[in-house]
Structure formats: C-alpha cells, structure tokens
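Protein sequence lines correspond, in order, to chains A and B.
If you count by my numbering, then the first sequence holds residues 4 to 322, one letter each, in order.
If you count by my numbering, then the second sequence holds residues 4 to 422, one letter each, in order.
Please keep in mind that the hints were generated in silico from the structure rather than gathered at the bench.
Glycine included, C-beta positions come from ideal geometry on N, C-alpha and C.
Hints are not guaranteed to be accurate.
Claimed, not checked - If we take Cβ atoms under 10 Å as the criterion, some of the chain A residues that face chain B in the derived model are:
(1) 265
(2) 311
(3) 318
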Amino acid sequence: MFDQKKFVVSHAPFLHDESRISERSYNIMLATLPAVLFGLVHYGIPALGVVSLSISSSIIWEFLMNYVTKRPKSIGDGNAALIGLLFAMLLPATSPWWLVLTGTFVSVVIGKQIFGGIGGNPFNPALIGIAILMVSWKNFFDFDDALLNYDLGFIMVYPLAALKHFGVSAVDSFTISDLLLGRQIGAIGTTFGIGIIAGGIYLIIRGFIRWEISLSFLAGVLITAFIFNLYDSTRYAGPFFHLLTGYTLIGAFFLATEDSSSPVNFIPMFIYGAGGGIMTVLIRNIGAHVDGVVFAIILMNIANPLLDKIRPKAIGKGI
Amino acid sequence: MLKRSFIRLTKPRLKNELLQDTQTEPQKISTPKKVTLLLDNSFDQKEVFLLKEGDKVKTGRKLFLSKDSDAYVISTITGTVTSISPYTGDFGDTYTAISIVAGEEEEIDDEFEKCFKEPNLDVAKKFLACVPGNPPINLFSDSDKRINTIVICGVDSDLLITTRQYALKSDIEAIKSGILFLKKITGIDNIIMAAHRNQIQECGDTDIEIKEVNSDYPSTHPHLIMKDIMGQSVPEGRSCEDVGVCFFSAEAIAAIGNAFNHGKIPVTKNLTLVKKDGSKMMVSTRIGTPISEIFDAFDVTLNEKDRIIAGGPMTGSAVFSEDYPIQPDTDAIIVQVKDNVKKVLDNPCINCGECIRICPAKVPINMLIRFLQAGQYGMAAEQYDLFSCIECGLCSFVCISRIPIFQYIRLAKYELRSD
Chain A
4 MFDQKKFVVS HAPFLHDESR ISERSYNIML ATLPAVLFGL VHYGIPALGV
54 VSLSISSSII WEFLMNYVTK RPKSIGDGNA ALIGLLFAML LPATSPWWLV
104 LTGTFVSVVI GKQIFGGIGG NPFNPALIGI AILMVSWKNF FDFDDALLNY
154 DLGFIMVYPL AALKHFGVSA VDSFTISDLL LGRQIGAIGT TFGIGIIAGG
204 IYLIIRGFIR WEISLSFLAG VLITAFIFNL YDSTRYAGPF FHLLTGYTLI
254 GAFFLATEDS SSPVNFIPMF IYGAGGGIMT VLIRNIGAHV DGVVFAIILM
304 NIANPLLDKI RPKAIGKGI
Chain B
4 MLKRSFIRLT KPRLKNELLQ DTQTEPQKIS TPKKVTLLLD NSFDQKEVFL
54 LKEGDKVKTG RKLFLSKDSD AYVISTITGT VTSISPYTGD FGDTYTAISI
104 VAGEEEEIDD EFEKCFKEPN LDVAKKFLAC VPGNPPINLF SDSDKRINTI
154 VICGVDSDLL ITTRQYALKS DIEAIKSGIL FLKKITGIDN IIMAAHRNQI
204 QECGDTDIEI KEVNSDYPST HPHLIMKDIM GQSVPEGRSC EDVGVCFFSA
254 EAIAAIGNAF NHGKIPVTKN LTLVKKDGSK MMVSTRIGTP ISEIFDAFDV
304 TLNEKDRIIA GGPMTGSAVF SEDYPIQPDT DAIIVQVKDN VKKVLDNPCI
354 NCGECIRICP AKVPINMLIR FLQAGQYGMA AEQYDLFSCI ECGLCSFVCI
404 SRIPIFQYIR LAKYELRSD
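Excised from the complex, chain A in its bound form (with noise of 0.2 Å):
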C-alpha cells in the first residue's frame, strides 16, 4: 500500500486557459507604456522620479499591509504595481515626494487594502487616492501652475482651465491634432491622447478590459459634449475637445474599466460606461472642478453593485 505512487487528486475540471491575474496587471502596464513614455520625455528627470516613486511606494504598502493584516503575500500579481503606475499617470510632473506617498498609502491602503485585498475594493484605488489629493492639496493639480517652469514649443496651458475661467474662445487654438499627439500641457500619461487608445485598442482586443465600458464612456462624453455644445456653443467647447483633454482617454480605457469596481454583465456595463462620460462633461461644464473624470467614475463605482442587478434569468428560473 505505502510503495504505491502518489497521483494528484483534484476536482474538475483539469483544464485551465492559462490566464493568470498577474498576467492581465502586466499587460495593462503594458499598453500605458507608449503614454508614460511620452510624458517621460516630454517631462524628464522629474516625471521618472514621480513614475518610480509611486510605483514603488505602492508595492511597499501593499507588503506592509500584508505583513500587518497576515494574509499571503499578493505584491507579486502586479496588482499594486498597476495601482501605483496609473496613480503616476493622473499627476503632473513636479509633485513633490510627500505628496506621491501620502497619494500611494490612500490609494493602496484606504483604497484597497481595507477592503481586503484585490477584488473586494469598491472604488477604484488610484482614483480614490487622486481624489483626495485633489480635495486636499488643490493647488497641486493646477497644471499650469505646477509645469510654470516648462517650455515644450506649444501651447503651454491647460486646456481644462483656460476653458474653464476663459471659455470656447480661449481653446480655439487647440486643434484635434494636436491634442491627439500630445501637443498639451497635462498630468504625466494623460496628454498622448494616440498613445492611450492605442493601448486601450490593445487591452480590449487581448480581453484584458471589457470593451463595453470604454466605449459606452467616451460615447457619454462625446453626446453630452455635443448637445451643451449644441445650445450654446460660446460657452461649451466640442464633444472632440472635452474626448481629448484632460483624464477623459486614460479615465475610458484604464480607470473606468478597473474588474472589481466596475459591473460585468452586458447592460449594467453600457450604464456605467455612459453614466460615467455623462457626469464627466456635466462636471467640467456646469460644475466647480476642472476635470470630472475622478469624480464622476467614483461616483459610479458607488452604483456598480447596484446596476450589476440587471442580468439575464438564470436557466431554469421561474419555471
């Protein structure tokens, strides 16, 4: 009896697809690459410093928390270092040190980890981190102020605020061109407006984010921007303008469509996608911030769990 092999006795089924999740958090990285490159070089030396900073820190307070809560260690999913890379991607250049730590500790901790780890968060982590920042320290995320010192050979205003405090007038001089090949000031990877939907065109062909969301998202940005535009269009810039400034692109293809705050079945999908580009432009063109791609995602993280209630009848219900 006891000479006898030891075979591996597990339950059906014995065939997996090979998906892992560290593998959808690398290639997600991934496809921010051509972004964050581009804002590396826009921004230099002190962007890489905030890039790695906030990478890294993140990693660090995922494995603290892990340590002080004794669960396993998860740093190796990749899941915190994404967390980190976004939350680089959503600030300007020149913050300073203290603010990417203390911005990494409420999007991992307070954002995530609390609510016990990957898949339990119900907002997204690196939006709940910017959010707080942006309430806190507001003079911060005034991208003008913060990239005074920079002269790249174009416009160097935020597009966001000139049109904000000076209207359609002030913004004329941006054309789709430009916008779309980065020629604006903005946070680190969000101004490559090419770059961020060649990675989202990436991430939705491999299957790594629901193509649902993004869609419904910026379709909600580009109708809402449309008909404001449409009723007085001196006071409310394009549907074009408002799809390529701003977190708008990164906020469709890479904040929006984070798995566990955001719904999976098919219709609850297309409601949050357009529920969120909505309260975008409602945000940017009647309310007080700047940007309402941080908020209005967050708000619609809070009707995720709800919207996720419409689904299809299970087979054999009602019968």
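Using the hints, position chain B against chain A.
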C-alpha cells in the same frame, strides 16, 4: 492543452471532439486477471451476505448481496470472488467493492438466456442495469417520475471523448434494435436521437426523430439539449428526469439491442484513452478492469504527481489509485503529466466577468462565488441561482483567479441537499 488565443475579444470556444472517419477499431485488451465491481449499496459489517468470498461466478452472473435490495452487478469474468469490501466514492457515496479473480476458462452464465426471448421491463431491470453506458432502466418503474420522452445521446458529454459517437457509428444495427426493444418494454414512442451534424447521415434510416447538436462545448449537456433542441428548460434544481425526459447513451442502447438479440449480457466497454502526450485511442475492455491493466497494455507509465482522470476533462473525477476499476459509464481515461496539472489558488474573485460571459446557464457567478467562499449556501441558492448551475465546469476553466468555482458549487449543492 487548451490555451486561450492571443485575441480574446470573444469568449473562448471549446469544441467537442468529433469522431474522425479514420477512427480505427478499438484495441481490445486481453481478459483481465482481476476485476472489481462497485455495487451501489452501503456496506454493513454485521450483515450476512448472500455472496461470500470464495464463491465461484461465471461471466454474466448477477451478483447481489441481500434479497432486500434491488442493487446488483453483473460479473464480467469467470472466476472466484476474493474480497467484498466497502468503498467510498466522491461526495461520500458508498459502494461495496466486489473483487473477482479470473479462473482458467470462461463460462457464460445462462440465467439471462432463459428469459431474453420475451423482452419486458422486468427482465431489463433484472439484468441490464449495469451494461456499458449505464442505462437508467430503473427510472421507468419510478412512480415519481413519469418519463414520456427518451433521448438517445450519440454525442459525448465532455471534451476529448468519442466513445458514444463511436457506438453510433459502429453499432447502428444494434442501436436500431435497441430502440425497438426499448419502445416495446417501456411503451414510450417518443424517442429522439441527438447527434452531431457529421453523424446524422449514419443514423439516417432509423425511424426516430434525429436532432442536430452543435459541437460547441457544453451543447451536449443534457440540460442544454433540453433547452436548445427540445425547447424546454428544466426548472432550477430539478433534473431532466423530473420533467419526464430521460437520457440514454448510444452505447447503452446498443448494449440493450445486443443483449436481447444474442441472449448475452454485454460486459465489454469501449472507452477513449488519452495518453500523456495527448494522443487518443479507443480501447475495449471488460467492465471492472483496473486502470493499471489498461496502462500496462498500452505502455503508459505513470510517475509521482501525475493525474489520472476517469471521465472527461471538464466534469470527470481524478482517481487516487491505479486499481480504480472501469465503470459502466467511464467513457474516458485521461492521463495528465505532472507539469500539466494546474493548481487551483485561493485568490479572491477580482470580478473580471469571464465566468459571466461563458456561463451557459447565465448564473451570476461573480456574486455567487463570494457567498460560497463565505459558506453562505442558503443565500447563494436563494438570490444567486446556485441551483440553476448545470455543472459544465466552464467557470473554473476561465477563472483568472483560479478559484475552484465548480467544486464550490458542487459542495454547496451537496451540503444543501444533505441538510
């Protein structure tokens, strides 16, 4: 074995194995030296059995332990009973394992021969409940279940298997007569054949209705056959039999046909053997043969930490010993090398939605699994459609966190049913 493609915009499609035209005859292995038969009956040490160790039995002999119970097995070789012992299967199912060591010359028991000429339900129940394919004959006398339709499955229920398709192809004459006998003994005229497109021609001249089943897994699952080709969904938590439809595998029908035609109870079972390198072959062997004899015959050497699977890769069960016997419904034996054995993990659900998209029963698995992991089975059944699950295993297959979702579901169902 099955990786996801690079482009994953659509959900992965798993195809059932289709029988190739080049399929060769099953390779027969010689009569085993020893067989073990599992009798579906709990084992009581104090009971005095009708069958004792040392009893001589002939091939086709009906073996039962006590007069009170209907349960029996059919001896598949001629020899001597060497042991009668308890055996516990999955989820605590209890069996009595009867081992028989082969004698020198094979003799056929003549009890069935005496009564096969007048086929009726009683004879079928008495002798044919454990022929290859495990026909659910006892259902017809179950007063709770009024069976009105019989579906003959010429399609295999899991990936990689071609056993039933082979029965349909190779034994169509026996199937035809099996259908006639079945009509006669049960009085049910509504018999439907489920087959893949490429096999419809082969069963063309049977006079029953033939329905096409597509080859996307899990279309061949009984619940989905009911829904897709018969247009009738089974209410959650109920079986197809509860709504009056019972499923016979093509192999079982062929066995019934052969039994009544020739007066001999079939004792050989065809099965698909998937070797370590993924190559497949059809094997024909006696029911009760230990798996090790099949491995010896076809040069499969096993190492520590390999995995042996009885049944299909999505719904079968892993066995812990090479002595595990072939059952009447073991349609496949699959061997996985150590390196191909993927471990499940205890990651939490990250809500990626892969399972939602692939679930054929539209169960909200992302929510369900949270309740199951917390042990809240009642809530899971009430609000999140636990009993709608048809047990195809696809959710675990695509789970990015590698949660053993399928096992959680089966465990929850088991716990709730045993309460």
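Supplied contact hint for residue 265 of chain A, tested at 10 Å Cβ to chain B: It holds, given that the least Cβ distance between residue 265 of chain A and chain B is near 8 Å, below 10 Å.
When the least beta-carbon distance from residue 311 of chain A to chain B is tested against 10 Å, hint result: 8 Å, holds
Given hint residue 318 of chain A near chain B, where the shortest CB pair must fall under 10 Å: Check passed: Cβ of residue 318 of chain A comes within 4 Å of chain B, closer than 10 Å.
Of the hints listed earlier, there is not a single one the structure fails to meet.
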